[in-house]
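Put together the whole structure using the sequences plus the hints.
Residue numbers (numbering that gives the first Met the number 0), protein chains in the order written: chain A, 0 to 369; chain B, 0 to 369; chain C, 0 to 369; chain D, 0 to 369.
Check each hint, because a few of them may be wrong.
Computed footprint of chain A on chain C, listed as stretches where at least three residues anywhere in the stretch have a Cβ under 8 Å from a Cβ of chain A [stated by the list, open to error]:
id: 1; segment: 148 to 157
id: 2; segment: 194 to 202
id: 3; segment: 219 to 225
id: 4; segment: 230 to 239
id: 5; segment: 296 to 309
Just a few of them, taken from the derived set where beta-carbon distance is under 7 Å, the chain A residues facing chain B [claimed, not checked]:
id: 6; residue: 215
id: 7; residue: 217
id: 8; residue: 245
id: 9; residue: 247
id: 10; residue: 266
Don't read these hints as lab results, they were simulated from the structure. Even glycine gets a Cβ: it sits at the ideal position worked out from N, Cα and C.
4 protein chains.
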Amino acid sequence: MPRIDGKGEQFADPGIAGAVRIGARPDRRVPDNLVRAGFAVDGNEEAMPNRWRVEDAMRPGRGQLHGIELVKHPLGDEPGIGLAPGANLNGGDVVDIGCSREPRTGWHAASVAMAVNGPSGAVRIKVHSVPEHPQITVRSDMTVELVKSSASDADVVFAARVSTVGEQSMDDLDADPASAKGLIGYLMRERHGSPFEHNSMTFFVQAPIFVWREHMRHRIASYNEESGRYRELKPVFYVPNRERNVVQVGKTGSYEFLQGTEAQYDLIDASMRESCARSYAAYQEMLSAGIAREVARMVLPVSIYSSAYVTMNARALMNFLSLRRKSEGSQYPSYPQREIEMVAEAYESEWSRLMPITHAAFVAGGRVAP
Amino acid sequence: MPRIDGKGEQFADPGIAGAVRIGARPDRRVPDNLVRAGFAVDGNEEAMPNRWRVEDAMRPGRGQLHGIELVKHPLGDEPGIGLAPGANLNGGDVVDIGCSREPRTGWHAASVAMAVNGPSGAVRIKVHSVPEHPQITVRSDMTVELVKSSASDADVVFAARVSTVGEQSMDDLDADPASAKGLIGYLMRERHGSPFEHNSMTFFVQAPIFVWREHMRHRIASYNEESGRYRELKPVFYVPNRERNVVQVGKTGSYEFLQGTEAQYDLIDASMRESCARSYAAYQEMLSAGIAREVARMVLPVSIYSSAYVTMNARALMNFLSLRRKSEGSQYPSYPQREIEMVAEAYESEWSRLMPITHAAFVAGGRVAP
Amino acid sequence: MPRIDGKGEQFADPGIAGAVRIGARPDRRVPDNLVRAGFAVDGNEEAMPNRWRVEDAMRPGRGQLHGIELVKHPLGDEPGIGLAPGANLNGGDVVDIGCSREPRTGWHAASVAMAVNGPSGAVRIKVHSVPEHPQITVRSDMTVELVKSSASDADVVFAARVSTVGEQSMDDLDADPASAKGLIGYLMRERHGSPFEHNSMTFFVQAPIFVWREHMRHRIASYNEESGRYRELKPVFYVPNRERNVVQVGKTGSYEFLQGTEAQYDLIDASMRESCARSYAAYQEMLSAGIAREVARMVLPVSIYSSAYVTMNARALMNFLSLRRKSEGSQYPSYPQREIEMVAEAYESEWSRLMPITHAAFVAGGRVAP
Amino acid sequence: MPRIDGKGEQFADPGIAGAVRIGARPDRRVPDNLVRAGFAVDGNEEAMPNRWRVEDAMRPGRGQLHGIELVKHPLGDEPGIGLAPGANLNGGDVVDIGCSREPRTGWHAASVAMAVNGPSGAVRIKVHSVPEHPQITVRSDMTVELVKSSASDADVVFAARVSTVGEQSMDDLDADPASAKGLIGYLMRERHGSPFEHNSMTFFVQAPIFVWREHMRHRIASYNEESGRYRELKPVFYVPNRERNVVQVGKTGSYEFLQGTEAQYDLIDASMRESCARSYAAYQEMLSAGIAREVARMVLPVSIYSSAYVTMNARALMNFLSLRRKSEGSQYPSYPQREIEMVAEAYESEWSRLMPITHAAFVAGGRVAP
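Shown next as structure tokens:
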């Protein structure tokens, strides 16, 4: 019977409130060539994860142990095993192990029994917990907050008046509003765009990546976005609700969208929740295995939310709105994806409060960006 | 016993080489309130999918049949059932049904037996096949092809010389190359950027979405990208190979990346393949359920490849290279994600052939974009 | 002797406080074929211009009178003639006529005596006054006023922090200033530019056209400028003062400028004043002849002042400053023209007040725009 | 009588084919305290300029001689003096001196006699010739040459098709032209702009500065322009010809322009030629006085021609054309200044040859840039 010295390592798992001990010892209850490489956590039962991953199992000096055989491993009083006896366990495999309280130690523990063929020697294993059912959050809306702005109808007026006044035209700010309205309407109709640039709005936006993908095609804006390289992304995903038309008819470029059936909405909801949860579990698993965030994130779906600050001026915003909202009175109808339209609607709502005359002129002019 | 008239509908499934017949008929072998709503495909066995989704099951004039009970459905000689008898089947559910050859008809068929409570009546069902194990393609490289260009060192020279010559300076094109080299070096050192703009390169690039996300933050470029709204995306995913360092050390903003362990690469490979395949299956399932592409794609991971044309001039490209390559001699070191760096390397390779003097000056100047 | 009926027309001349009467009548003191087509202004002597232009002189029904001969025209007691007797006067010619008080009428008058060959008939002439010595204003400085802004160091901090925080990071605004300083310094050194874009500054600037020419090469800014098509430009011109080095040494692209001699400054002052005054007189003359502003302005020199609003964010401004100021500690020295540097200095002064930490980091980093 | 040692310096004057000697010597024919500081040129009479400027006259060790008195200076047989005897001459003053042939030396010479008060000593003078009547060139047209391009209708097609094809779509280049036409028309109508960006046109343009001023407000283009800091600008000026309507009617922003009278055109022609020639003479004078080009150029009018290379793609060009041409079928009429419209017409002519289908679609769509 090979002699096995347990030597454990593990990755830090911030979700566990205690130390993790890993040890390997001969198991009396299994055949001679098996050892139980167990690990135990000194913590309460709730904190004890029951999905663990065998990161690595090696015999120092002899290379890794691939395909070590797993056997049922009775632990304490109640076995609680999620492993098929006789399965081959590879590095990277995830095992579901019901943990239990070990009477002698008071620790909550789980163990993997390994069949080690060949001569005696130390076995080093690395394990870490894997969140079995990652709690994902599902949203069907967008966050759009105007966090700062320097934008008013007066900004359009003074910028335009310098053409004909030539002097500082800021005194005009509180001048005759009817005249300002006429001027702004004229600029909009004649597509004199530059006076609409001397203002600034900064929004904080949370939207799924597939929305950001479209948003960032707009080059006349400033962006700073949450980084999947610098931080672990939160499990918040977009799933359309039943107000979102999901069946597409019509021809390329001018699709119409119709209400789906209950079955379709059910499928979307179930399929997306399931798929996002699995993807996020894979992400978590890779992270917990010490893989860089920028690599692990590759499995995350484009429905995951990301946060960014977006700064635009009114001219850029009008261009955005002309392309990203579908409106009755549009001179040039557009067929945006609904989700970016939701962002556009929120932008428009904020903007129309800041610059009501400009907004009204934009609408009156058929929503053509000057 | 309720009388049931079968009336089938199905979605077109281009993967099946034959007609799909759907019918419902009383099943002699099941209790009175059950009917077998089967479907058969006239084709060879290989073409017969064995995952089917019950899109919809309704009794016309009486609304949808939710929660119809499924029973084991012996079909032909060998049942091949993947359904738990007695399970409730909802619209949208996917069932794994081994199909078999029906001796009497020669058709390959599968069927779902439905327990219908209540009065007799026609039952309309919609089924369509679901790819059980979507074949995904995995790549670890980027496609970068220079598809057209109008770019040479001479373009820099004539543009710069107009400053001092004031006339058409195109005659200089074939002039003294040493002088051209000196001029280009001077422009680069002194950061006179505009002469580097009078040229154009168009690349065809295939890269994962997470690369495009970074790429499109570069606003001085022109993009046209494959649309997940207009076409069904192909199941091609990026998975890093073992040359890609995957373990990150160092502090935020200037990470170093180290070689991973075999176990880590194994995990990445397995986890990403599994996750991408599942995500793509969910995508396919939603598509086959008639859900719009722009909705179904939300589950796809950022590792899926997307194709685009990118047009840039040399000045914009130098800015891109200064930020997206990590090079020894850089005045301002950058820490790009490896995958966008792969695109950058390919760009640089093409560009250095088109504009060798400019490229050499860029490198000599510490890779600072002018 | 031909009979001549005077029939006058003239353009409005806002500089003259009285009515302008134009009449043609036989002149007793000149030969038979001459008439005096005079004009008189009922005003005081100071208001009476003494440069007049014969816009047009025609005989209705017979076409224009080209080349009418002028003779010395004694008017009132003192002739005060600026015309060479016998000169041919064409439409468009300008004549300097000393006006005098006509004793009989009390009007101040000037007249042009025309020799009309051929049959009798009415003569219609158009005259208008020409400002002989236009009052020009000379300046040696630039006007730069910050008229509105939404810009603070905190804007950089929240925009950058979203990368790693992923949530609304506005709460950080009043957080630990030392940390903010460290973050901003890091962003500047590493050339992470985008966090410097979420702010906005609008300046009112008055500068000569040659400065605007350089300014507007900066494409990342918003401009609205006084229009020479929509308004008559004011006679305000830039003339360098003696603090402006005017002698250039060194080689192309890195000129040094040295103090000029007194003689050189004298020449600049005299030559520019003279040249600008003449150009402006030509402008005025064309305007008063009914020529469109957009045409008349073509003679105006690039030293004439023009007003504009300029809106930029801090990133664009840093790029501007890196190119338009010559500073000791610059990583990449620049050799701007002094006059745009004056604008840049004023920008920098305002900006450093709004964003002192960012400004200090910019200076510490060698004035390289991130 | 003070003893005066002549010691001459002068600036290089490339217009004079011989050496310039400057000397001061006592003049027998003038009072005791006068010397004649003359200069002579060994060349033919035609090459001898007759406008000279006294750059500087100083007595080494004693400061500059301001206000030296000039006297009539008989030279050789024929005096040919343009100076009022007894006038005070300051550094920087220009004197018209008819030169003549000096019988003894064979040199053509002019001289300035200076009355020097005070003790004896050497006098150093600097003179240089001034072009009295600068030869200016007048043009009424624009130069627009397409110097390089990579632009075809096929570029639009492949860029657009990647949306739906997802693969390299360059094979489509020679595909069905009718289909290409349909696609391009669709893109234009629906305002899908990005496919029009994957092309490039570089123009060499010579236009007056007032045209460049408008042109460079277009920020989506690349410019390299002749530099008035780096080179002496050529005396080529724009003067509108009689096909250019010069009288403006209508209200601000939508002016109509009408044909001018002969007198108006005469005035424009005469006034502009005169004004430009004078401005250019002042420019030359300052240059010849050693004043930096960037300073001297300030007097030059905005009608002086400047050369530049302009690179744009078709989308940017369509935006330019939509604003800078006045066309019947425009959805949004524009009222450009005629001269920039001349540039726009030339651009459009070249572009329509390169991309005829795109051009036709632009026109058919009401000349709205997508």
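Here is how each hint holds up against the structure:
Chain A is given as covering the segment 148 to 157 of chain C, and this holds because 4 residues of the stretch bring a CB closer than 8 Å to a CB of that chain, at least three being needed. Evaluation of the coverage hint for the segment 194 to 202 of chain C: fulfilled, as 6 residues show C-beta separations to chain A shorter than 8 Å, against a requirement of three. Only when three residues or more bring their CB closer than 8 Å to a CB of chain A does the claim for the segment 219 to 225 of chain C stand; here the count is 5, and the claim holds. Counting residues of the segment 230 to 239 of chain C whose CB lies closer than 8 Å to any CB of chain A gives 3, which reaches the minimum of 3, so the coverage claim holds.
Check result for the segment 296 to 309 of chain C against chain A: holds, 4 residues qualifying (beta carbon to beta carbon below 8 Å, three or more required). Contact between residue 215 of chain A and chain B, as hinted, is supported at the beta carbon level, the nearest pair being about 5 Å apart and thus within 7 Å. Annotation: interface hint on residue 217 of chain A violated; nearest CB of chain B at approximately 9 Å, more than 7 Å. Satisfaction of the interface hint for residue 245 of chain A is found here, the shortest Cβ-Cβ separation to chain B being roughly 5 Å, below the 7 Å cut-off.
The beta carbon of residue 247 of chain A comes within 4 Å of a beta carbon in chain B, closer than 7 Å, and the hint placing it at the interface holds. A hinted interface residue such as residue 266 of chain A counts as satisfied when its beta carbon comes closer than 7 Å to some beta carbon of chain B; here the least separation is about 4 Å, so the hint holds.
Consistency with the previously given hints fails for number 7 only.
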